[in-house]
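Enquirer: Read off the chains here:
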Amino acid sequence: MDLLAFGKTGWGDELFVAALMTIAVSITAMLIGFIFALIFTPLKLSKNKFLNLIANSYTTVIRGVPELLVIYLFFFGGSGALMYVASIFGYYEYIEINAFITGSVAIGIISGAYSTEVFRGAIQSIDKGQFEASKVLGFKKHIHFFKIIMPQMLRLSIPNLSNVWQITLKDTSLISVTGLVEIMRQSYIAAGSTRDPLFFYSFAAVLYLALTFLSMQLINRLELKYNKGY
Amino acid sequence: MDIDLIITSFPKLIGGALITLKLLSASMFFGIFIGLFFAILRIRNNFLSKIAYAYSYIFRGTPLLVQIFIIYYGFAEIDLIRKTFLWEAFKEPYWCAIIAFALNTGAYTSEILRSAFETIKIGYIEAGKSLGISKKLIFYKIQIPIAIKQSLPAYGNEIILMLKGTSLASTVTLMDITGIAKYIISTTFKPIEVFIVAGSIYLFMTFIIHNVIKFLERKYSFNN
Numbered sequence: 002m003d004l005l006a007f008g009k010t011g012w013g014d015e016l017f018v019a020a021l022m023t024i025a026v027s028i029t030a031m032l033i034g035f036i037f038a039l040i041f042t043p044l045k046l047s048k049n050k051f052l053n054l055i056a057n058s059y060t061t062v063i064r065g066v067p068e069l070l071v072i073y074l075f076f077f078g079g080s081g082a083l084m085y086v087a088s089i090f091g092y093y094e095y096i097e098i099n100a101f102i103t104g105s106v107a108i109g110i111i112s113g114a115y116s117t118e119v120f121r122g123a124i125q126s127i128d129k130g131q132f133e134a135s136k137v138l139g140f141k142k143h144i145h146f147f148k149i150i151m152p153q154m155l156r157l158s159i160p161n162l163s164n165v166w167q168i169t170l171k172d173t174s175l176i177s178v179t180g181l182v183e184i185m186r187q188s189y190i191a192a193g194s195t196r197d198p199l200f201f202y203s204f205a206a207v208l209y210l211a212l213t214f215l216s217m218q219l220i221n222r223l224e225l226k227y228n229k230g231y
Numbered sequence: 629m630d631i632d633l634i635i636t637s638f639p640k641l642i643g644g645a646l647i648t649l650k651l652l653s654a655s656m657f658f659g660i661f662i663g664l665f666f667a668i669l670r671i672r673n674n675f676l677s678k679i680a681y682a683y684s685y686i687f688r689g690t691p692l693l694v695q696i697f698i699i700y701y702g703f704a705e706i707d708l709i710r711k712t713f714l715w716e717a718f719k720e721p722y723w724c725a726i727i728a729f730a731l732n733t734g735a736y737t738s739e740i741l742r743s744a745f746e747t748i749k750i751g752y753i754e755a756g757k758s759l760g761i762s763k764k765l766i767f768y769k770i771q772i773p774i775a776i777k778q779s780l781p782a783y784g785n786e787i788i789l790m791l792k793g794t795s796l797a798s799t800v801t802l803m804d805i806t807g808i809a810k811y812i813i814s815t816t817f818k819p820i821e822v823f824i825v826a827g828s829i830y831l832f833m834t835f836i837i838h839n840v841i842k843f844l845e846r847k848y849s850f851n852n
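Protein chains in written order, with this note's numbering: chain Z, 2 to 231; chain U, 629 to 852.
Just so you know, these hints were derived from the structure itself, not from any lab. Be careful, since some hints might not be right.
Below, a sample of chain Z positions facing chain U; criterion: calculated Cβ distance under 8 Å [stated by the list, open to error]:
no., residue
1, Gly8
2, Lys50
3, Leu52
4, Ala56
5, Tyr59
6, Tyr73
7, Leu74
8, Pro198
9, Leu199
10, Thr213
Once the Cα atoms are required to be at most 20 Å apart in a straight line, the calculated EDC-like pairs of lysine to aspartate or glutamate come out as [claimed, not checked]:
no., chain 1, residue 1, chain 2, residue 2
11, U, Lys818, Z, Glu97
12, U, Lys719, Z, Asp197
13, Z, Lys148, Z, Glu133
14, U, Lys711, Z, Asp197
Quick reminder that beta carbons are idealized off the backbone N, C-alpha and C, glycines included.
Pulled out of the complex, with its shape left as it was, chain U reads as follows (with noise of 0.2 Å):
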């Protein structure tokens, strides 16, 4: 065991921290919209709740790798992407990773909210209607809070998979964690140093991210 390669790594590991914190930041944001936005559609039986379920099919029967390289690499082809402004976000391997950690989160957040929209308790949605409360405000102030406090412990092992699945930025030149990680066991062949200092980092993030979600369910469980 090298203590000495532990105690220098950590900083340099630290600062990957910062990008792994950023990506996830970032792609939860989107992926909350565009997920509450699928959701949404998935309510109705149409034909756009149709493409809503395609697009969640797809995201979550394929890798998160096999996404991100789709867009870094295959999206470079395309003329529509490389000759507009659109060119900016994608030949950028950082928006690249955002976009699809966004989309797949997107598919994944849109099953858990669908999830949740379904089993609302049919009362509260006829008191509502008996108490004469427009369908607009019953859908903005019954139905979504209730789907979002139901949806908080699925979504809560959403973000730890995300977190995990934020590595992969590594794969398309981002030295995230992992990145450096990976980084710093090629140049001293110490793997298991490494991986105890880099794990640790992210047993910590995922511990943290754990009891703020189980703080929230208290918070807003109807019992207190």
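One chain only, chain Z, in its complex shape (with noise of 0.2 Å):
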């Protein structure tokens, strides 16, 4: 337990403040993966055939993809393409992305993926009713969309976005590759440096099944309080 302690004694504030990291980039990554989600959500089901085959590539190779090869796409061609897109503008200097906005973006867009299918399938299950009740009424296309599909999109969703939101807390421990100090990388340095990697690693795990179990019940509330009028 004294390798617990915390101060310089031990290794409690480090990892706490490492548990911090992981939710951060976990919530980082989760609203990225929902700006993702939103763009193409309406993409995978709009008439156009051109646009759909955009929606149904992203969400098909990210999702075939090891998790691990879109960190490496990002941490090694991250700096490389914000370089090459700077050159156009005129900026030749080198330009270094820090990890935590290269692992939050990856995993975003991972989770955008699954996100784009929860939204695709919560729209799906609306009831046709509400689509055309508002297109008599003669409401304008936002309203239509922020007032009514919305709302009835995000209470369907709730269930399968906490798969989601698993997902992506248990994606974020291979962002440790890239060197940002979460949970992961924390405990490989203390591993590391007391020659007792068994300790920490299951110390590691037993911190993501407290965010996993917490988070859980988070949303089981949220669930609650979203379906009172069913």
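Each of the two chains sits in its own frame; use the hints to bring them together as a complex.
Expert: Encoded structure:
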């Protein structure tokens, strides 16, 4: 237990900060994922074949390729791509993107592919009458989407989004390969310097379990709240 | 775009595909027995079913990376493993990866099979009983085949998830597709080309698995 003491003698405070980092990356990635999902869900449901193709290639490729490979793509290619874009605008200095942003964007794009599928399923399971009614009542397009479809979509997607959240939370452990100090990386450092990997990796597992358990409690409460009227 | 690199890295990555497939098939093979074992424990509500639940909760609630690291780096600390024949398996990253993958997919498989067992219509079992078929035979000849049929779509997803999971073997020094891809990227600094080739190989595998499962689903559906 001395190993987990706070302060200079133990790894307690470092692991606590690392856990906060895991939470921060997960939430950022999840939000980036939502943005991607809100862009690609309409494309997926659109009647235009070309837009369908774009959205389907996004979800198929991302869900069919290992997360680690996507992370390597962003880790090794991220600053190169950004420098290329910057060079078009006449900026030729070296640009380094920090690990937090690279990691959140990589995981965010992955979680976005899953969220897209969730939102698509949710919209398709909304009663057809809702669409017709709002059309008949002559709502403007953005009011139709934001006030009628989206609230129902969100309610229907909460159970599946909680799965996406779990996947995203666990995927953040892979960012440790880029050197971002989250739970996994901190455990690796601690395991290396104390030569006690069994203890630190098991403790990392406990931290992840605690995070999934706590977030499930929160999500269940959210689900109850949004199902009040049903 | 460096077309030469795409052409030269393809055979190297295909070599890695062999290891990926070996890891996948071995872990799915062991995983299905582990999954079936724990799913059967979950049917009755007793102490053993609680253990089975804890197993599945722990392995589904923690990242696969942690599980591999515990088994590969952590278990070497335990004397019982280090000083016995078990060390033969646990000193090899290859076997450590397979053990971790099998235990992980076993947890998901047990959940898939459990829910399949639970959704079997009670009428099938009652029909068996009224025909005087023994409990054991009902289990092996009615419940298990129906459960397997019902869990095929979910199990197909699990195989694809595990295919992606095998990429983590590269973190314990194995040179699977992702391991080789990372090596090529870090020597050439051309991530996009390598990603296209490695990604296509993975997508091709996903495509094959997806279609095999679809074929099996059609073959074992009751309607034809």
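Enquirer: None of the hints should be skipped; say for each whether it holds.
Expert: Verification of the supplied hints:
{"no.": "1", "hint": "Gly8", "verdict": "violated (25 Å)"}
{"no.": "2", "hint": "Lys50", "verdict": "violated (21 Å)"}
{"no.": "3", "hint": "Leu52", "verdict": "violated (21 Å)"}
{"no.": "4", "hint": "Ala56", "verdict": "violated (16 Å)"}
{"no.": "5", "hint": "Tyr59", "verdict": "violated (13 Å)"}
{"no.": "6", "hint": "Tyr73", "verdict": "holds (6 Å)"}
{"no.": "7", "hint": "Leu74", "verdict": "holds (5 Å)"}
{"no.": "8", "hint": "Pro198", "verdict": "holds (4 Å)"}
{"no.": "9", "hint": "Leu199", "verdict": "holds (3 Å)"}
{"no.": "10", "hint": "Thr213", "verdict": "holds (4 Å)"}
{"no.": "11", "hint": "U:Lys818 / Z:Glu97", "verdict": "holds (17 Å)"}
{"no.": "12", "hint": "U:Lys719 / Z:Asp197", "verdict": "holds (17 Å)"}
{"no.": "13", "hint": "Z:Lys148 / Z:Glu133", "verdict": "holds (14 Å)"}
{"no.": "14", "hint": "U:Lys711 / Z:Asp197", "verdict": "holds (18 Å)"}
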